[in-house]
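Chemist: Here's the letter readout for the chains.
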Amino acid sequence: MSNLLNVSQSPHVHGKESTQRLMLNVVIALIPAFITSVFYFGAGAVIVTATSVVSCLLFEYLIQRFVLRKPISINDGSALVTGILLAFNLPSNIPVLIIVIGSFVSIAVAKMTFGGIGNNPFNPALVGRVFMLISFPVQMTSWPVPKGFGTGYLDAVTGATPLAVIKEGLKNGEPISDLIARIPTPSQMFLGDMGGSMGEVAAIALLIGFAWLLIRKVITWHIPVSVIGSLALFTAILWLVNPEKNASPMFHILAGGVLLGAIFMATDYVTSPMVPKAMLIYGCGIGIITVIIRVYGAYPEGVSFAILIMNAFVPLMNSYIKPKRFGEEVKNG
Amino acid sequence: MLKTFPIGGVHPPENKLTADIPIEYLPVPENVIIPVSQHIGSPANPVVAKGDTVKVGQVIASGKGFVSANIHSSVSGKVSKIDLAPDSSGYRQTAVFIDVEGDDWLDTIDRSPDIVRDIKLSPEEIVKRCLESGIVGMGGAAFPSHVKLTVPSGKKCDVLIINGVECEPYLTSDNRLMLERGEQILAGVTILMKALKVDKAMIGIEKNKPDAIAGMTRLAESFSGITVHPLKVKYPQGAEKQLIKALINREVPSGRLPLDVGAVVHNVGTAHAVYEAVQKNKPLFERVVTVTGKGLTKPGNFMVRIGTPLVKLIETAGGIPGNTGKIINGGPMMGKAVTNTDVPVVKGMSGVILVPGEESVRERIRPCIRCAKCVSACPMNLEPYLLMSLAERNLFERAEAERVTDCMECGSCSFTCPAGRPLLDYIRLGKSNVIKMARQRNLK
Chain A
1 MSNLLNVSQS PHVHGKESTQ RLMLNVVIAL IPAFITSVFY FGAGAVIVTA
51 TSVVSCLLFE YLIQRFVLRK PISINDGSAL VTGILLAFNL PSNIPVLIIV
101 IGSFVSIAVA KMTFGGIGNN PFNPALVGRV FMLISFPVQM TSWPVPKGFG
151 TGYLDAVTGA TPLAVIKEGL KNGEPISDLI ARIPTPSQMF LGDMGGSMGE
201 VAAIALLIGF AWLLIRKVIT WHIPVSVIGS LALFTAILWL VNPEKNASPM
251 FHILAGGVLL GAIFMATDYV TSPMVPKAML IYGCGIGIIT VIIRVYGAYP
301 EGVSFAILIM NAFVPLMNSY IKPKRFGEEV KNG
Chain B
1001 MLKTFPIGGV HPPENKLTAD IPIEYLPVPE NVIIPVSQHI GSPANPVVAK
1051 GDTVKVGQVI ASGKGFVSAN IHSSVSGKVS KIDLAPDSSG YRQTAVFIDV
1101 EGDDWLDTID RSPDIVRDIK LSPEEIVKRC LESGIVGMGG AAFPSHVKLT
1151 VPSGKKCDVL IINGVECEPY LTSDNRLMLE RGEQILAGVT ILMKALKVDK
1201 AMIGIEKNKP DAIAGMTRLA ESFSGITVHP LKVKYPQGAE KQLIKALINR
1251 EVPSGRLPLD VGAVVHNVGT AHAVYEAVQK NKPLFERVVT VTGKGLTKPG
1301 NFMVRIGTPL VKLIETAGGI PGNTGKIING GPMMGKAVTN TDVPVVKGMS
1351 GVILVPGEES VRERIRPCIR CAKCVSACPM NLEPYLLMSL AERNLFERAE
1401 AERVTDCMEC GSCSFTCPAG RPLLDYIRLG KSNVIKMARQ RNLK
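Those sequence lines, one after another, are chains A and B. If you read the first sequence in our numbering, its first letter stands for residue 1, the second for the next number, and so on. If you read the second sequence in our numbering, its first letter stands for residue 1001, the second for the next number, and so on.
The shape of chain A in the complex, shown without the other chains:
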């Protein structure tokens, strides 16, 4: 041995968890949803995901290398996750150039301007997505009808999402009971056989991913359960009051991006609260705002906006919502 000993403070052992492993586990959890999106939307799903991932990694690399001149850390997996999540929030027929622009906004504007990983206040993938939605509303809301590999890419046949059918129908004064016939059945929706963003459609795949994240202790149950629970409760009340004017809670959970948002987007470490109590408030906020936008707003879908709005409250929650300290308030017995 060299005659010198290392000296450092305790602890002298470290757990096996690392940023990279956590991100890798998120990627693994997203695999079922990727498989279903390829299953329903064919080649388009692969092209969109690949474009998004490659451009997110590239932008992060270029900015770190040439603008920030800091060590390159694209191998931490975070840009990879952002790329996949951005792709999952897009229709499978969106042109490549628009994806590249969206990736640029996600990485360059929403993440690196704030100092990179750990510092961004808003979920990068969602900032990119909302930017694209506002800038390219037509391309962002033409949803391919799922026809497997026959869907094609830019030439895909498009149709309305279940949420859009309901929104449009209710606006025209049609009762829910008539509209139900024009949307997929709950079991079709559960399996993902409907129009929508490519990664959000298959509830089953997202739930498998959720189970993986819980088993590997990547996330806790607090945020997903509070988002879905509050959304279900709110829509259940509306539905019970007037079932002809409001869709069922089951419909609201299965349609659109609630599960993808609740499990993978709202739980983004950097932009969600640190304490379980705050996580529950944050999750309920997302659920409630989503319903408000869906039922009373102009857009048929509101998950992205709801998450971004609640992201803005996270610093405030971190400052004011504190865990109950051990020995703080003592009841013995």
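Please note: incorrect hints may appear among the correct ones.
To be verified - A short, non-exhaustive set of chain A residues, derived as facing chain B with CB atoms under 10 Å:
1) ILE117
2) LEU238
3) LYS324
Said to hold, decoys possible - Computed Cβ-Cβ distance ranges for the label pairs, DEER-style:
4) GLY1295(B) with VAL67(A): 44 to 52 Å
5) GLY1154(B) with GLN9(A): 33 to 41 Å
6) LEU233(A) with PRO1253(B): 36 to 44 Å
7) GLY1225(B) with VAL27(A): 52 to 60 Å
8) ASN1442(B) with LEU233(A): 46 to 54 Å
9) MET1437(B) with ALA50(A): 52 to 60 Å
Hints were generated in silico from the structure; no laboratory data involved. These numbers were taken from a predicted model, which means no experiment stands behind them. Glycine included, each C-beta is placed from N, C-alpha and C at the ideal position.
Go by the hints and put chain B onto chain A.
Modeler: The following block gives chain B in isolation, referenced to the frame of chain A:
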């Protein structure tokens, strides 16, 4: 469901390599270095001088004030000098150097192997004997035991808790002691119960020591009022407040002591030392030390005289492996890295771990991703990421308001951080500054 504490905690790899190796007596070394401060509180005053001849068990430094402890010679021989010597944390301290001649014990020490259960001493005499015998907490903190046995007026103790948890990875000295000296430990517990005037004692042992649980449970049947409780394996269960919460579901208030909830906690090693002091009139001058590490050829549990240089101990365990990068005094979670292998074994040293080079360097520090794993790992329910960032920015008032001083430095946060951030290092910085601030406030 096994009992445990409810908040936070981690489960580091146990690596109890020496759990099945019986305690072996280490030969008396040629010379010893006995520091006069091996405990929390004031250092003891040397009462011998250069050239004096001492016997095993003789007082060589006497405790100064209430929170202090006597220091006894662990060997017989001649005092060669009283001088500064580095202790295991690297600081130089007054120590008594003794050249060993033979192994001549004081006549007052009962060296027979018989186990004496009958307690002849009164509670006050027991406390006095602990004080005279230099008994301190053997779990690592080395807090003088007679202080914990003296219940101030107005407070009441109704249960004695015995810590057999040994939640630190690698360490097995308490485990071996429970397996080989179970009856002595229980007799010691009975003595502690008498001193505290309680009729109930609970021994907490983690489930990864099934032999110790079985053995102690069987032996405890013949002692009145002592029960053994298996606990779920979770670090830091051996911390006083966590152990009290796990066993009797009482929460020690922030900044207070176990006695405020009617409990006193002693380690199994301390109970053993108390037994020897009270029944055998043998002061504290030797202890069990686990010497372990993945590269060591003969790791083991050794009964070592206090003051033995660490290097002697490591030689007996097979010598320092070539790739050693770090030597830890204590467990890997809370122990201290030693700077020098000539430092002596002291009363609070429960283990020595030799860490291979590749495991001895820290990971690269990466940015905090705000995963909140440190918050869920903290057994005190603090927010380590926040305390670290406050300390980094010198915001000590805010760190105080966020209760940085509640931190007991268990290291669960740093252990768990996926970004390899030195959370506890900065929390210590915050703590020491807050304590300094509070002291200045009190002076005004």
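Chemist: For each hint, tell me whether it holds in the structure or not.
Modeler: Each hint tested on the structure:
1. ILE117: Because about 5 Å separates ILE117(A) from the closest Cβ in chain B, which is inside the 10 Å limit, the hint holds.
2. LEU238: violated, 33 Å
3. LYS324: Since chain B brings a Cβ to about 6 Å from LYS324(A), closer than 10 Å, the hint holds.
4. GLY1295(B) with VAL67(A): 44 to 52 Å: holds, 46 Å
5. GLY1154(B) with GLN9(A): 33 to 41 Å: The hint (33 to 41 Å, Cβ to Cβ) holds, given that GLY1154(B) and GLN9(A) are roughly 38 Å apart.
6. LEU233(A) with PRO1253(B): 36 to 44 Å: Holds: the Cβ-Cβ distance is about 38 Å, inside 36 to 44 Å.
7. GLY1225(B) with VAL27(A): 52 to 60 Å: Because 57 Å falls inside the window, the suggested range holds.
8. ASN1442(B) with LEU233(A): 46 to 54 Å: Holds, at about 52 Å.
9. MET1437(B) with ALA50(A): 52 to 60 Å: Taking Cβ atoms as reference, MET1437(B) and ALA50(A) lie about 56 Å apart, which means the hint holds.
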